[in-house]
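Participant: For reference, the chains in residue letters:
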Amino acid sequence: MFIAFSLRDCQPFVHSRGAISHIAAAVLVGEHVPKIIFDQVSKSYGSVEVLPPFDLTLDDGEFTVLVGPSGCGKSTTLRMLAGLETLSGGEIYFDEKPISRLDPKERDLAMVFQDYALYPHMNIAKNMSFALRLARVPKSEIEEKVQRVAKMLNIAHLLDRKPAELSGGQRQRVAMGRALVRDAGTFLFDEPLSNLDAKLRGKMRAELAEMRDTIDKNMVYVTHDQVEAMTLGDRIVVMSDGFIQQQGTPEELFKRPVNKFVAGFIGSPTMNFLDGELTQEGDAMWVRGAGYALPLSPETAADVKNANAKDVTLGLRPSSFVSEGTEGAAIELRVIVSEYLGAQSVLVTRCGEADVLVETQSATPIKSGAVRTFGVLTDEIMIFDKSTGLRL
Amino acid sequence: MQSANVNRVTPYLFLAPAALVMAVALLYPIGYMIYASFLDWNPSQRIGEAEFVGLRNYINLLGDAAFRESFFVTLKFAAVVVSLEMVIGVGLALLLDRNIRGMSVLRTLFILPMMIAPIVVGLMWRYMYHPSVGVFNRTLKSLGLDPIPWLSDGSWAFASVVIADIWQWTPFIFILSLAALQSLPQSAMEAARIDGAMGWQQVLYIKLPLMMPVLIVTLLLRLIDAFKVLEVILVLTNGGPGLSTEILSLRISRTASEFRELGEAAAMSNYLLILLVILTFAMFAYNKAVEARTARLRKAAEEDI
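Residue numbers (my numbering), protein chains in the order written: chain H, 1 to 392; chain U, 1001 to 1305.
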C-alpha cells in the first residue's frame, strides 16, 4: 500500500543510526506529559473567522501531525497552543488545566520554527542554553545538557559559532537542539523541514521518525507535506479551510479517507478522480463513466447502495492498477507520458477527457501514445458523492 | 591601440564636468579655509595681503584657555545630549513599538520637533526660559516655588541648552530605533517568548543586541551633528553666561565676526573638522568591519555545507 510514496520518498542518503534518537532516551526523562484538549477553540481576525470552533484531543505522548494546504489554519492552531496567538473562543486544556491565559513560558513547551528563529547575536551554545539561563539553571547543569544534546545532534564542534556561520542543515539541528535541551512536556514543530533541500529533508525526516519512537513526549508537528505527515505521525489531523477534515493513523487516512479532499491530499502520486454513474446490473453494482466501466467489490457495493447516490466520483490510487491479465477488472488507457523513476514508472494516461496516473514496474517499458489495458484492484476503488465529496 | 586608449579615456571625459563642479563647489572652499588658517588675516584685508604665519594660529589656539574651555564645552555638550537622547529615544521606541490605534498620527507628532528650523526652536525656548514672562518660571511661581535662573546661571544655562537640544533631536533617534525595532526578525522574538523571556528580558537580551548596528550608526550621526550645533545656543545664550555654553562653532563665529581674526577662526574650524573626520572614519570603519564580517561568515557557511 505504501509503495506509492516510498517511491518519491526514497532519498539517496546513507542513514547513520539516527543521531537524534539517542538524545531522546538520554535527555528527556520523566517529566509529566499532559494530554492536550482543544475545546470549542476558534480564531478570528476582526470579522474574518479563520478557524470555526473545533474540538481536538491529543493523547499524551503522541506524535500528532497537523497537515493541510497553506491557509488551512494548521499553523494558527499550533501558535494558539504555543501561546503566540490568543484564542477567540473556547479553551485549551493540558489534562484538566486550562492554559489559554498562560504565558508561553508557563505552558512547559519547546518549539522549532520554520525559519529556525535562532538568535543571530548569540553563538550556538548561548542559543541552546537561552531558556535554561533565563530559568536560572545552574551553570554546570546547563553546560552538561548543552554538551550532551550537541554531541548527539553532531553539532558539538559548532558551539562557538554564530548562526550566520552555519549551513541550513546545521541551523536546523541547532533549532532542534535548542528545543531538546529543555525538558519540556510538549514539543511543537512549525514546518521545521521546509527550508531544507530535498536530500537533507529526507535525512532529517528519518531522524525525526526515529526520535518519535524513543521520546515519550507530546509532539505536535505542522506541515503541508503529506509525506512528512505519513512518515512521522502517530496520528494525522488533516485540515482544510479552517476545518478538521479527518484525523486518524496514517493507514486509516490512506485506506479509509472520509472525503475526496483527504483522499486526494494523502498519498503520492495523488489519487485519480473520474466522474461516473452508478448502475445496478443484475447482482453486481457498476460504476461507469467516459471511457471506463468497472464493477464494484461486494463490500463497496453494499456501502454505496445505502447512500442512494447516482452521480459519483470514482477514486483510484495510481497504485491500484496492475498489469493486464493478472487480476482485477480491466480498464483501457492511452499512455501520454511515461515518467521513469527507477524501479517504477508513473504513467500519465488518458481516460476519456481525464488524466489518470498509473504506477507500474519499469521492467515493462511502455511507449507514449500506446493504448494499453490495465487491471484495476476493485476492492481499492473508492466512491465519493459528487456533490458533497463524502466517501460513500 | 589607438581605440583602446580612447576607450580608456572616455569615462574620465564623462566624469570631468562633475569633477569640475565638485572641485569648485567643495574642494575650493575647504582649500580656501585650510589656506586661511595659516594666515594672520583680518576682514579688512584681501586674502593676498594677509601675512603667512605657518602653524602659529594652531599653536596659539592650543595655548588659549578660552579655546580649550570652548572645546571642552563642546565635548561635554555632545556627550551629554547624545547619551540622554539615545536613552530617551530608544526607550520611547521600545514603548511605542506596538499596534496602537492612531499610531501613525502619534509617530508624526513625535517627529515634529525635528522639522522645526533650529533658529525657531531657539527663539521658542528662549521665551519659555524667560526669567519673568517665560512659562517655566510663571508655572513655578504659581506653584509657590522660587524661579530658576534658566539662562543666567552657568550650570542652569548648560542644562537649558541641553534640554532644548534633547527636545529637538530625540525624535531622530526615536524614528530610527523604531524602524530598527520593527524590522527585527519576528520569529526570534517569538522564540524568546517560548524560551521564557519576559518583557524586559526580551529587550535586554534580544531586541537591544539585534538593534545594535542601527544604534551605533545613529549614535555616530547624532554625535557628528551635536559637535556642529550653533543656532539654538546662539539664540538662547550666545555662549554665556561666561563661557559656560560657548560651544566651538559659536566661538568660531565670534572669532571671525567680533574678534576679526579670520585666520584663527579658520584654524579652529580645522580642529573641529579633524575631530569630525575622525568620527566619520570611525563610522566608515565600523560599517566596513560589519560588511567584512558578514562576508566572511557567509563564506564560511557556504564552505561548510
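Check before you lean on any hint, since a few could be wrong.
Said to hold, decoys possible - One side of the interface only, derived from the structure: several residues of chain U facing chain H at Cβ under 10 Å:
hint	residue
1	Leu1013
2	Pro1017
3	Gly1242
Stated by the list, open to error - Facing chain U, from chain H, some residues (calculated, C-beta under 10 Å):
hint	residue
4	Arg79
5	Phe130
6	Pro138
What the hints assert, rightly or not - Below are the DSSO-like pairs computed for lysine-lysine, each with C-alpha atoms no more than 27 Å apart in a straight line:
hint	chain 1	residue 1	chain 2	residue 2
7	U	Lys1288	H	Lys199
8	U	Lys1141	H	Lys162
9	H	Lys162	H	Lys97
Hints listed in this document are in silico derivations from the structure and should not be mistaken for laboratory results. Quantities reported herein were computed from a predicted structural model and do not represent experimental measurements. Beta carbons are placed, not taken as given, at the ideal position from N, Cα and C, and that holds for glycine.
Participant: Against this structure, judge whether each hint is valid.
Facilitator: Hints, one by one, checked against the model:
This hint is violated: Leu1013 of chain U has a C-beta 44 Å from the nearest C-beta of chain H, more than the 10 Å allowed. Hint status for Pro1017 of chain U: violated, given a least beta-carbon distance of 43 Å to chain H, over 10 Å. With its C-beta approaching chain H no nearer than about 46 Å, Gly1242 of chain U sits outside the 10 Å limit, and its interface hint is violated. Hint status for Arg79 of chain H: holds, given a least beta-carbon distance of 8 Å to chain U, under 10 Å.
A least Cβ separation of about 5 Å between Phe130 of chain H and chain U falls short of the 10 Å threshold, and the interface hint therefore holds. For Pro138 of chain H, the interface hint is violated, since its Cβ never comes within 10 Å of a Cβ in chain U; the closest pair sits about 16 Å apart. Proposed proximity of Lys1288 of chain U and Lys199 of chain H is contradicted: the alpha carbons are some 37 Å apart, above 27 Å. At roughly 59 Å between alpha-carbon atoms, Lys1141 of chain U and Lys162 of chain H are farther apart than 27 Å, so this suggested pair is violated.
A distance of roughly 39 Å separates the Cα atoms of Lys162 of chain H and Lys97 of chain H; the hinted pair therefore is violated under the 27 Å criterion.
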